[in-house]
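Participant: Quick mapping for you: the protein sequence lines, in order, are chains F and X.
Take 293 as the starting number for the first sequence in the working numbering and just add one per residue.
Take 41 as the starting number for the second sequence in the working numbering and just add one per residue.
Hints listed in this document are in silico derivations from the structure and should not be mistaken for laboratory results.
By construction, the Cβ of each residue, glycine as well, lies at the ideal position given by its N, Cα and C atoms.
Incorrect hints may appear among the rest.
Unchecked claim - Taking lysine to aspartate or glutamate and the EDC-like style, the derived pairs with C-alpha atoms no more than 16 Å apart in a straight line are:
(1) X:K157 x X:E193
(2) X:K195 x X:E70
(3) F:K410 x F:D387
(4) X:K300 x X:D283
(5) F:K310 x X:D136
(6) F:K515 x X:D115
(7) X:K130 x F:E500
(8) X:K263 x X:E333
(9) X:K171 x X:D136
(10) X:K131 x F:E500
(11) X:K223 x X:E193
(12) X:K215 x X:E239
Claimed, not checked - Covered by chain F, per the in silico footprint, the following chain X stretches (three or more residues, Cβ under 8 Å):
(13) 87–95
(14) 105–119
(15) 122–134
(16) 138–149
Spelled out, the chains give:
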Amino acid sequence: MNKILIIAQREFLSRVQKKTFLLTTIGIPVLIFVFYAMIIYFSVKTTDNFQIAVLDQPNLFNAKLADDDADIVFSFVQNETASSLKQKVDTGKLDAYVIIPKTFDLATIKDSLQIVSKKSIGIMTRQKIQHTISSAIEEKKLLTGLSISKNQLDSLQRSNEIKFASTEGKNDSDVKAGISYGVGFGSGFLIYIILFIYGSMVMRGVMEEKTNRIAEVIISSVKPFQLMMGKITGIGLVGLVQFLIWIVLVIGLQLLLPLIFPDMLHQMQAQPMQPGIAGAANVAQESGAMAGIMSGIGLINWPLILGCFVFYFLGGYFLYSALFAAVGSAVNEDAQDAQSLMLPITMPIIFAMVIMTKAVNDPNSSLAVFGSLFPLTSPIVMMARVAHGIPEGVTVVQLLLSMLFLIIGFIATTWLAAKIYRTGILMYGKKPTLKTLWQWAIRKS
Amino acid sequence: MSMPSILQLQNLQKYFATQKALDDISFNIEQGSIFGLLGPNGAGKTTLIRMITGIFYPDSGSITFDGKPFNGLNDAIQIGYMPEERGLYKKMKIGDQALYLAQLKGLSRAEAMEKIKYWFKRLEMESWWIKKVEDLSKGMSQKLQFVTTVLHEPKLIILDEPFSGLDPLNANLIKDEIYGLAKRGSTIIFSTHRMEQVEEICDHIVLINLGRKILDGTVQEVKQQFKENKFSIKFYQKPESIDNAVFQVLQQKDNALTVKINDGHSSNDVLQYFLNQQLNIESFNEILPSLNEIFIGLVENTSATARAFQTIS
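Next up, chain X with everything else stripped away, as it sits in the complex:
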């Protein structure tokens, strides 16, 4: 039922000097999916992305891209990468810059021109062509960077914090383009610290901490995995003196209750209890944890931030 994998990582390891940056990372990314790569600062995300883009080589393990062993240089045309720390040549004209980066990807000049014109028109950037980067606002250069990342319509697009610095209007514009690219068959790896964006956009997530994979699944699977059997119940009248073995009341606010079901009981047992109490139930919902809560719960107190991959001593 599932789509074929565009990227398969198997037992990837990477050391910097004696420090383990990545330890035995394996996962698959389905073609056409929007994949969230999550982790705290210094977890090893950038190192992992740099291996997928061919900037670093793994010390051991293998990367399979589109069914074949990954070759950073030959597959460069199939990959678009927008790093978190991204820049452009300040003195170069916008059009020339886009043309240069597209040619470096391997497009011919004519192909590049055609695609740049298409994307500039699409994102209403045509009038920028002869402007220089130093004349652009942060949001504008962000848009330009997005265009240069995707204009060769790569099979795999890696976006590291693509919305930082964008106003909501432009963020939505880019978001729509991301959905559109995924629909047309591109796979998107999306790396961010903004968990609400992940919940909104991603199909599948992997969480990395201290160089290890600690979570892998669809957003729904992960939420199910970390649910704590919490429910919110709303009544038409205020419930009185609740005392039972089925659940604990975590919070009560007027007519609403938040409860946690004890082990060995199900949600139906809760409903049964209240039905027996002759209370009229207005709503009954399971409370699933947010990705933010899951993230903090897993990463907190692991001293992840103490690890610094950026400096090799």
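Okay, chain F solo, but in the shape it has when bound:
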């Protein structure tokens, strides 16, 4: 046991002390942060106080046009001509202008309106202008063209709310379902990535020891099993530490964001994500959405998800990295050889990913239940179900069974992998086939 720790310590330190570790661990979150900050900056910046003149000749809008956030200033002008407006745009007094001709007919809308600007308008601003004007026209059409009263219009726009509830009487809001979907998919995908990244890290480490010919020196001091477990433990710790740093950094940077862009973030939050059709009612819905998301986040059982994530992260990692170690021990210098032997390992991981995408939509389908119990797929699939909560996504019995199966699966694969590893690590020469690997695995010691 003590020797496993010595080996794990070396594996851990030799990786953590590398410059590349610092670069990827600190660099990636910072990069993501800068990326997001830039997106926010540019998407908010373009909508800042955009001046647009409206020459409303038929007085269609009653001098009333406003977008939801008042980022765009519509100023109604009179006694202007196209050429005088053009001149103002050219000199920079205005950002753009639009002329609604006298002949503009609400019923047929033969002529399309043209927003004329000097500089190219950003995509967010374009959408906002289009959205504001077209919804104003639509409302006008409903009120005048079809003779619907203002009350009727409001009630029409308000009637589209259909809610879901679970049999337990809890409010199964759409927002919560959406967040569950996001959390389930995200954590499942994260484990998928972890299995590949750290699994192949273990494999490369084993291959290095074998091709370096240090393996024989070491296993005259320790059991091959200790060497394998030490390596797996050490690299697993690297993964945990890396994730911890990432989480701390992401949270820290997110708290930093409002300090850097105080008002921009505020605007961002209030901004509608998808421009809807309805105008006034939509605004009310949008402002409620943020609160809905917050309450949806509150409905998610975070301790359960975090606990399960760590369990399935470790369980899946240990199960698969033992198999990756076995493959690493079997091949020689040639990385090509590893590819074909890795196939039986990568197949179930990819398969699990496919089941996960189904399970996140329908956590109680038989495929999802099978995938979340079978130890080779459960680390990925179960995250998709757990995100929907207990008992909506998964029952306690199924969760405990899945955990038990994963532990049994981990012991079984490690036991088989250790036997392959023990033979393979000292075996040089021709590349073994899957069949020989299987023979090594089931051979009596």
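Fit chain X to the known structure of chain F by using the hints.
Facilitator: The following block gives chain X in isolation, referenced to the frame of chain F:
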């Protein structure tokens, strides 16, 4: 009169799949001796060494180490093994590497530090501590490997081709250390194909071929066993027309003769003959076969090289 045995192997057998890698190997190694383990490629030496180091378990037979049944893990601290195919972590610093390997043997960090400092100083390697293995020459990493093998002063040291890649100066340095370790009570198993090194260094040898022990004894015993009653005789004048029933002339070169004594005669009969011939003898020596000749004579044509233990089909 003999020293107690550090290692006793009894009827060791090892199979790989259906192939017999080792067949009924038994021998003893005396404490403090330098023991030569010889054999052609693929004879089973590496398999045997891996059993002595606890990497492999014998299928049958027993290994007794220092008077007790051998336990690979507990006895690891008492054994130092330098395999023929040896390597180090390329990116690791020399000092850290030595420390790591010593700790894996079971030394505490403090003990390991002390011993590494002693050996690095002794072999003039102190300035290497923060260097990385990839910066070392082959001979330098060989020295480092030797140090990591012996620094915990094990009772049994197994060296597989320890001089390959070393210049004569460093080879002598390591050779002296081997003698010194043996003098201080360590037993050394020395495996090599260089027979002149075996003759120079080893007290006792065992030769393995095709998984079987075919020779066991001290270097002198073995040479006596394989002597062919050949003598070289040198005269002060050129001998003429030699014809007798006592010996055959194998070679004549000026004043010197190489002869082989016929069965039923002794060296004294040869001397008697020449004394009777009135020839003045300058020197009279028995020609003992070299280990190289014995090795080739025993192993040749046994298709040993055709056996490949390294690949199991």
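Participant: Each hint needs a verdict: does it hold in this structure or not?
Facilitator: Okay, the hints, checked on the actual structure:
A hinted pair counts as satisfied when its Cα atoms are at most 16 Å apart, and K157 of chain X with E193 of chain X qualifies at roughly 14 Å. Among the hinted pairs, K195 of chain X with E70 of chain X is consistent with the structure: their alpha-carbon atoms are about 11 Å apart, no more than 16 Å. Restraint check for K410 of chain F and D387 of chain F: the C-alpha separation of about 7 Å stays at or below 16 Å, so the hint holds. Proximity of K300 of chain X to D283 of chain X is assessed by CA-CA distance (about 13 Å); at most 16 Å being required, the pair is judged to hold.
Between K310 of chain F and D136 of chain X the alpha-carbon distance is near 15 Å, which keeps this suggested pair within the 16 Å criterion. Only pairs whose Cα atoms come within 16 Å are accepted, and K515 of chain F paired with D115 of chain X is accepted, the gap being roughly 12 Å. Annotation: proposed proximity of K130 of chain X to E500 of chain F holds, straight-line Cα distance about 10 Å (limit 16 Å). Restraint check: the Cα-Cα separation between K263 of chain X and E333 of chain X comes to about 10 Å, which is no more than 16 Å; the hinted pair holds.
Simply put, K171 of chain X and D136 of chain X have alpha-carbon atoms about 10 Å apart, close enough for the 16 Å limit, and the pair holds. Taking the CA atoms of K131 of chain X and E500 of chain F, the gap is near 11 Å; set against the 16 Å cutoff, the hint holds. For the proposed pair K223 of chain X and E193 of chain X, the alpha carbon gap of about 12 Å is at most 16 Å, so the pair holds. A hinted pair counts as satisfied when its Cα atoms are at most 16 Å apart, and K215 of chain X with E239 of chain X qualifies at roughly 13 Å.
Figure legend: the region 87–95 of chain X, annotated as covered by chain F; annotation consistent (4 residues with Cβ-Cβ distances under 8 Å, at least 3 required). Against chain F, the region 105–119 of chain X contributes 3 residues with a C-beta closer than 8 Å to a partner C-beta. That satisfies the three-residue criterion, and the hint holds. Interface restraint, the region 122–134 of chain X with chain F: holds (10 residues with C-beta to C-beta distance below 8 Å; minimum three). Under a criterion of three residues with beta carbons nearer than 8 Å to beta carbons of chain F, the stated coverage of the region 138–149 of chain X is upheld, 6 such residues being counted.
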